[in-house]
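Asker: Sequence:
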Amino acid sequence: MRKPCCDKQDTNKGAWSKQEDQKLIDYIRKHGEGCWRTIPHAAGLLRCGKSCRLRWINYLRPDLKRGNFAEDEEDLIIKLHALLGNRWSLIAGRLPGRTDNEVKNYWNSHLRRKLISKGIDPNNHRLSHINIVPRSQNPNASASATSSGLKTQKPEKSQVENCDQVSDAGSCLEDENSCGLPDLNLDLMIGMPSPSLANVEEEKKQFESNTSRELDFTPSPTLVLFG
DNA sequence: AACAGAATCAACCGCGTTCAG
DNA sequence: TCTGAACGCGGTTGATTCTGT
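The UniProt record's numbering puts the first sequence at residues 1 to 227.
Honestly, the hints are just simulated from the structure, not real lab data.
No residue lacks a Cβ here, since even glycine has one placed at the ideal position from N, Cα and C.
The reader is advised that the hints may include incorrect statements.
[What the hints assert, rightly or not] The calculated BS3-like cross-link candidates involving lysine-lysine, where the alpha carbons are at most 27 Å apart (straight line), are:
#	residue 1	residue 2
1	K13	K50
2	K104	K13
3	K30	K18
4	K23	K50
5	K23	K13
6	K50	K114
7	K114	K104
8	K104	K30
9	K114	K18
10	K13	K30
[Claimed, not checked] FRET-style restraints, in silico, Cβ to Cβ:
#	residue 1	residue 2	range
11	A15	P62	19 to 25 Å
12	A70	N12	34 to 40 Å
13	I57	K118	19 to 25 Å
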């Protein structure tokens, strides 16, 4: 049985105070990112290492961009999601200054809905033959696009009906290979910070070879990668 | 102005992976 | 080779803010 990552009795939870932020920033500036387990104690924080790591990565890191996503960033996220599925850290790795959490939140709150409104199933990036009813006329759809709404969205059949056996976009791509659909031909050159598209492909292949998921779904003919 | 519902996003949780001993 | 601790990730939650009535 895994032990909890920290002694919960002695750790703060919830929002970080300015003082806590400052302590963490000061410590990491001085000593760099290191063993997250020991950082809280060393920095004089009553937080668990996990929490410190998350706070640093998602909020305090100096190279974070923050603010609205540019259109090219949106496009890139959509394309990468089509390629990689919900592997947010990989996607975020290709967006300089963005974090996996940020990308994930943005996807769940904006991009999903954007795709749905264009009649595209965000799970597999295929045209879904659903009539999109404006929210105002469709009270049932009210919470479906929120991140917390995702849990309620799961059973929202109408939107996944066409591909109810598809788990994610990545799996869809496996199918892509097997049924000989056209090459994705993605233009992923927008501000790639690290390695290159070749590595995305590499990671994808690696992922695919590592995964033994059996897929069983009927492909719809159109995979949509707009942008 | 007050309220309700929706949207946003920081943070937590739990699991899989990695790695050192 | 095995085991356990730590890390990293994706999913989820819940507090806060926004928007419409």
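Asker: Of all the hints given earlier, name the ones this structure violates by number, lowest first.
Answerer: Per hint list: 6, 8, 9 and 13 violated.
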